[in-house]
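Top line first, the protein sequences correspond to chains P and V.
Under our numbering, the first sequence has 12 at position 12, and the numbering climbs by one with no breaks.
Under our numbering, the second sequence has 1326 at position 326, and the numbering climbs by one with no breaks.
Just so you know, the hints here were simulated from the structure itself, not pulled from any lab data.
Be aware that a few hints might be false.
In silico DSSO-like cross-links for lysine-lysine, where the CA-CA straight-line distance does not exceed 27 Å [said to hold, decoys possible]:
{"#": "1", "chain 1": "V", "residue 1": "Lys1105", "chain 2": "V", "residue 2": "Lys1428"}
{"#": "2", "chain 1": "P", "residue 1": "Lys428", "chain 2": "P", "residue 2": "Lys39"}
{"#": "3", "chain 1": "P", "residue 1": "Lys328", "chain 2": "V", "residue 2": "Lys1043"}
{"#": "4", "chain 1": "P", "residue 1": "Lys449", "chain 2": "P", "residue 2": "Lys4"}
{"#": "5", "chain 1": "P", "residue 1": "Lys39", "chain 2": "V", "residue 2": "Lys1328"}
{"#": "6", "chain 1": "V", "residue 1": "Lys1039", "chain 2": "P", "residue 2": "Lys328"}
{"#": "7", "chain 1": "V", "residue 1": "Lys1093", "chain 2": "P", "residue 2": "Lys276"}
{"#": "8", "chain 1": "P", "residue 1": "Lys300", "chain 2": "V", "residue 2": "Lys1328"}
{"#": "9", "chain 1": "P", "residue 1": "Lys328", "chain 2": "V", "residue 2": "Lys1052"}
{"#": "10", "chain 1": "P", "residue 1": "Lys52", "chain 2": "V", "residue 2": "Lys1328"}
{"#": "11", "chain 1": "P", "residue 1": "Lys93", "chain 2": "P", "residue 2": "Lys428"}
{"#": "12", "chain 1": "V", "residue 1": "Lys1471", "chain 2": "V", "residue 2": "Lys1519"}
{"#": "13", "chain 1": "V", "residue 1": "Lys1300", "chain 2": "P", "residue 2": "Lys328"}
{"#": "14", "chain 1": "P", "residue 1": "Lys88", "chain 2": "V", "residue 2": "Lys1276"}
{"#": "15", "chain 1": "V", "residue 1": "Lys1328", "chain 2": "P", "residue 2": "Lys43"}
{"#": "16", "chain 1": "V", "residue 1": "Lys1088", "chain 2": "P", "residue 2": "Lys276"}
{"#": "17", "chain 1": "P", "residue 1": "Lys328", "chain 2": "V", "residue 2": "Lys1328"}
{"#": "18", "chain 1": "P", "residue 1": "Lys93", "chain 2": "V", "residue 2": "Lys1276"}
{"#": "19", "chain 1": "V", "residue 1": "Lys1446", "chain 2": "V", "residue 2": "Lys1123"}
Derived DEER-like restraints, expressed as beta-carbon distance ranges [to be verified]:
{"#": "20", "chain 1": "V", "residue 1": "Pro1102", "chain 2": "P", "residue 2": "Glu154", "range": "46 to 56 Å"}
{"#": "21", "chain 1": "P", "residue 1": "Ala272", "chain 2": "V", "residue 2": "Glu1017", "range": "52 to 62 Å"}
{"#": "22", "chain 1": "P", "residue 1": "Asn155", "chain 2": "V", "residue 2": "Asp1074", "range": "16 to 26 Å"}
{"#": "23", "chain 1": "P", "residue 1": "Pro102", "chain 2": "V", "residue 2": "Gly1208", "range": "51 to 61 Å"}
{"#": "24", "chain 1": "P", "residue 1": "Asp115", "chain 2": "V", "residue 2": "Ser1323", "range": "48 to 58 Å"}
{"#": "25", "chain 1": "V", "residue 1": "Pro1201", "chain 2": "P", "residue 2": "Lys88", "range": "26 to 36 Å"}
{"#": "26", "chain 1": "V", "residue 1": "Val1016", "chain 2": "P", "residue 2": "Lys88", "range": "45 to 55 Å"}
{"#": "27", "chain 1": "P", "residue 1": "Ser549", "chain 2": "V", "residue 2": "Pro1509", "range": "48 to 58 Å"}
{"#": "28", "chain 1": "P", "residue 1": "Asn155", "chain 2": "V", "residue 2": "Gly1208", "range": "37 to 47 Å"}
{"#": "29", "chain 1": "V", "residue 1": "Tyr1019", "chain 2": "P", "residue 2": "Pro430", "range": "56 to 66 Å"}
{"#": "30", "chain 1": "P", "residue 1": "Ala272", "chain 2": "V", "residue 2": "Leu1021", "range": "54 to 64 Å"}
{"#": "31", "chain 1": "P", "residue 1": "Lys88", "chain 2": "V", "residue 2": "Gly1186", "range": "14 to 24 Å"}
{"#": "32", "chain 1": "P", "residue 1": "Asp205", "chain 2": "V", "residue 2": "Gln1220", "range": "38 to 48 Å"}
C-beta: ideal position from N, C-alpha, C; glycine also.
There are 2 protein chains.
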Amino acid sequence: MNTKRDTSRDGLRNKVETYVLTHFKPIWNFIQSNNALRKITNKTLINNAVYKIPTRPYAFSTKSPYTSWESLTDRSYSGLHLPPLDWKPLTQKNYIGINLTPAEKFEKNLPPVEDLEALYKKKNGETIYSPKSTLIFPYFVQWFTDSFLRTDRENHLKNISNHQIDLCNVYGLNHTITEMLRSHQGGKLKSQIINGEEYPPFYYDENGQPKEEFKGLPHQVTNEFVNKADSFPPEKRQKLFAMGVEVERANVQIGYVMLNVLALREHNRLCALLAKNYPTWDDERLYHTARNIVMVEFLKIVLEEYINHITPYNFHFFTDPLSFTHEKWYRQNWMTVEFTLVYRWHSMLPDTLIYDGQKIPMPDSMWNNDMIIKKGLGALFEESCSQPAAQLGLFNTPDFLIPTELASVRLGRAAKIRSYNDYREMCKYPRVTDFNQISSNENVQKELKRLYGHVDNIELYVGLYAEDLRKNSALPPLVGRLIGIDAFSQALTNPLLAENIFNPETFSPVGWEEIQNTKTLSQLVHRNIPQTGKQYRVSFYREGWQPVS
Amino acid sequence: MNTKRDTSRDGLRNKVETYVLTHFKPIWNFIQSNNALRKITNKTLINNAVYKIPTRPYAFSTKSPYTSWESLTDRSYSGLHLPPLDWKPLTQKNYIGINLTPAEKFEKNLPPVEDLEALYKKKNGETIYSPKSTLIFPYFVQWFTDSFLRTDRENHLKNISNHQIDLCNVYGLNHTITEMLRSHQGGKLKSQIINGEEYPPFYYDENGQPKEEFKGLPHQVTNEFVNKADSFPPEKRQKLFAMGVEVERANVQIGYVMLNVLALREHNRLCALLAKNYPTWDDERLYHTARNIVMVEFLKIVLEEYINHITPYNFHFFTDPLSFTHEKWYRQNWMTVEFTLVYRWHSMLPDTLIYDGQKIPMPDSMWNNDMIIKKGLGALFEESCSQPAAQLGLFNTPDFLIPTELASVRLGRAAKIRSYNDYREMCKYPRVTDFNQISSNENVQKELKRLYGHVDNIELYVGLYAEDLRKNSALPPLVGRLIGIDAFSQALTNPLLAENIFNPETFSPVGWEEIQNTKTLSQLVHRNIPQTGKQYRVSFYREGWQPVS
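Isolated chain P (complex conformation) (with noise of 0.2 Å):
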């Protein structure tokens, strides 16, 4: 079923990156010996990855086809890399350089969205799973992206979210919010103790009335503008935490609870570490600060411990922020519909999972935090570390996940996005001329030319996941790089990683050596449970995990 994948198209000064990348391994062990030239490196690289593409401010965005200064401010409406298909040129036939494949013939002879789930459907039912990544990867990530990534409901064109790693998740969209979710006393959030651990409140009283105090707190509407939540069964509705985002998502799966539920022990704990040593700070300077080095210790476990396991190389990137302040690429934050598209990585949650031993349906682990309480976190961490996430690609996607991919599909094709080929070129890959050159797997092949008879007509959301994994890598090739765009130039880009800001006197001197003292999740979870002495493992790494030479 797999032949050898056309590689005529990979581009030579990619392949050569990536080959000096995964190899010499001696000689990347030495550059990471010297501090001097790591840091050098770790620039160099982090540039490499972000320069591909011209840098922010973008000239367009899903407002309009053309340029205003309500398109040019207004971030509710997500950005875009590349001019949307309905953009008239009036000086350029082509932009930056790229030539652009025909607005029009690539709308007529794009497949009816229906048609798609042959793409997505799992052959024989099965599951195909990532030899590297456990199943704590995709929940970190659907957790982390979506302080950022927040497509609006009402509008799938606008984003909601602040355009930033700000753990709204855990502190609120905004100040109502936070104030909702604050005690107001010595900086901590609200939280309740179950079986000896601290979780956040119940969102409903006993007689299963939204409490007072979150009275405001978002919902997601469904399509018929009903509140999910109020739907629920009562024995799970119960059970939903209030936290910073909309109910039904605060609470959708318990992976995303999971990772909320540490941020905010992490939070009150530092608040009473800092109540120890600043005994004169009040409420709000416990707070603020508490929320500033939480969001910098969540901020390195992305740029550190995540980004090093999506990427296959010798060398491992770290956090070294005040580097990037003279470049070019270091400018407001503003997330485009391209960064939410590769962010979608639905196959990568297997149909099962393994819970207490025992094998249970993915979609029961949802709206379903009874599994957390009754288990307690660390052992739930370590459960879920021992188990492999499914493989990001065609052909993968769990069966009640698939109505999500159609409707990705569909949100490109709102967004106007361009063909995958251009993309290709924006990102400095040669455009593909066969389907050979986009996967090794005679499926994909077959299905991408029944639907789509030429490769210039390929839609970016199915090129972008029909590419074959990079070998060693949890991604394909075009998503990674896009990713290495967007995630590197607007992570480094948080304030409080700024120049004059990321230093001891923000995050106190007590602060500031719990952040250089915070590199992985591991670290973040045996800090916030029941002091036992246990060591569980967790890690983004399947046990035993060897790269293939």
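Position chain V against the provided structure of chain P, taking the given hints into account.
For chain V alone, kept in the frame of chain P given last:
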């Protein structure tokens, strides 16, 4: 009354810079005759101005005396270049190397605000006139700064603007207001023709009631939270225009209204021009493209005609935004409290003005649009340009604006702004050690000494305007330096001037041509008055003004 000022604390580098820039005219002329040389000099001098102090993002805002996620992201609070007086440092006694004046002592030594009236009141009621600037100069400054220095009347620590030169006074502070002002036909703003000239529509209907279509236009509340406009005498009230900001603010004085009317006419003129050239465009496209063009035309006037008027240099700055794409100061705008304080040029407004050949009190020109309608825009511009502005400085504020000066002092204190000497040090001026280093005017020296006792006790707002004007300049040195920093770094980062946006594709080839052909206010005026062939004199410079050598 004037002695020689002690220049020993001016700073060697500052002296050399000023000397070089104000001498060697033949060399500067040679530089400006060569395009490449002119470009590189423009870039070097602007960078030299901006890099005097640390670049954005600022560690502090008026939100709190420490750094929080909210203080770093909530731009409704004003930025701060230096930490506020109530900052309690954890790790460092000084900030960015500045030896800050001890805060408690400083605040304790401040004289009562009312006592400062003596600093502003004219000596023997006499106005000192500017040898350089015409009355249109302060008119223009008040108008264009009002789009980004918009102090919230209910909380003076906040700024209700969008932090951009976005001509919100013409187009509205937000989308809802914009919609009220647009005719939704041919891209034009609503307008009316009186005496053959175009004006905005009146806000009140014939019965003295706000027109239905303008309900929701903001009002400027007075201290008693009553809309000021409702209390105007009917003959003034009936002529108030509906424009982009608070009704009272938009109509405040003929200077403000003249410039708003000019921008409106230019917008509607461009709409007609674009419609002729791009007949397929709808109202939306025409509106947005005309707005893009008008904004850049005014940005050019600010960056060329205006900036070159305030400086005494032999080199003339010009608009070359793409040269700065790589600069570290190219960061998201955030207006500072300090910037609002350096733009309070109340003393430049004389007690009286000449209108129709008659001397009238300045307050008569407030909320008095009939003065414009009766005379017509061209003739009124010419008359405003044939009389001098008053000179910026102490002992020169008209009586009716003295309460505004004292309010500015109070704002500086409420925002916990550091001392004048701290800001000198931040701006690379040596701290003064004696009153005669600030001003050559013995009255100024004497009054400062009486009120403050020691130069270290002088507060920023007072020190700024106590300094002697630089020779041939419209501004005193510290004001000039702070304006250079904030003006260049915030105007040149306007997204319309960014790479991939500042091009004919964004503005249309026809609009791009209009932008190239716009360098002066005079050009704008003559395009937008009845075409009788008459040339009016429109200039920031007084007739016959020559630099003193």
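Here is how each hint holds up against the structure:
no.: 1; hint: V:Lys1105 to V:Lys1428; in the structure: 24 Å, holds
no.: 2; hint: P:Lys428 to P:Lys39; in the structure: 26 Å, holds
no.: 3; hint: P:Lys328 to V:Lys1043; in the structure: 16 Å, holds
no.: 4; hint: P:Lys449 to P:Lys4; in the structure: 17 Å, holds
no.: 5; hint: P:Lys39 to V:Lys1328; in the structure: 20 Å, holds
no.: 6; hint: V:Lys1039 to P:Lys328; in the structure: 20 Å, holds
no.: 7; hint: V:Lys1093 to P:Lys276; in the structure: 23 Å, holds
no.: 8; hint: P:Lys300 to V:Lys1328; in the structure: 24 Å, holds
no.: 9; hint: P:Lys328 to V:Lys1052; in the structure: 20 Å, holds
no.: 10; hint: P:Lys52 to V:Lys1328; in the structure: 20 Å, holds
no.: 11; hint: P:Lys93 to P:Lys428; in the structure: 19 Å, holds
no.: 12; hint: V:Lys1471 to V:Lys1519; in the structure: 26 Å, holds
no.: 13; hint: V:Lys1300 to P:Lys328; in the structure: 24 Å, holds
no.: 14; hint: P:Lys88 to V:Lys1276; in the structure: 18 Å, holds
no.: 15; hint: V:Lys1328 to P:Lys43; in the structure: 16 Å, holds
no.: 16; hint: V:Lys1088 to P:Lys276; in the structure: 18 Å, holds
no.: 17; hint: P:Lys328 to V:Lys1328; in the structure: 8 Å, holds
no.: 18; hint: P:Lys93 to V:Lys1276; in the structure: 22 Å, holds
no.: 19; hint: V:Lys1446 to V:Lys1123; in the structure: 14 Å, holds
no.: 20; hint: V:Pro1102 to P:Glu154: 46 to 56 Å; in the structure: 54 Å, holds
no.: 21; hint: P:Ala272 to V:Glu1017: 52 to 62 Å; in the structure: 53 Å, holds
no.: 22; hint: P:Asn155 to V:Asp1074: 16 to 26 Å; in the structure: 25 Å, holds
no.: 23; hint: P:Pro102 to V:Gly1208: 51 to 61 Å; in the structure: 59 Å, holds
no.: 24; hint: P:Asp115 to V:Ser1323: 48 to 58 Å; in the structure: 51 Å, holds
no.: 25; hint: V:Pro1201 to P:Lys88: 26 to 36 Å; in the structure: 33 Å, holds
no.: 26; hint: V:Val1016 to P:Lys88: 45 to 55 Å; in the structure: 54 Å, holds
no.: 27; hint: P:Ser549 to V:Pro1509: 48 to 58 Å; in the structure: 56 Å, holds
no.: 28; hint: P:Asn155 to V:Gly1208: 37 to 47 Å; in the structure: 41 Å, holds
no.: 29; hint: V:Tyr1019 to P:Pro430: 56 to 66 Å; in the structure: 57 Å, holds
no.: 30; hint: P:Ala272 to V:Leu1021: 54 to 64 Å; in the structure: 57 Å, holds
no.: 31; hint: P:Lys88 to V:Gly1186: 14 to 24 Å; in the structure: 19 Å, holds
no.: 32; hint: P:Asp205 to V:Gln1220: 38 to 48 Å; in the structure: 45 Å, holds
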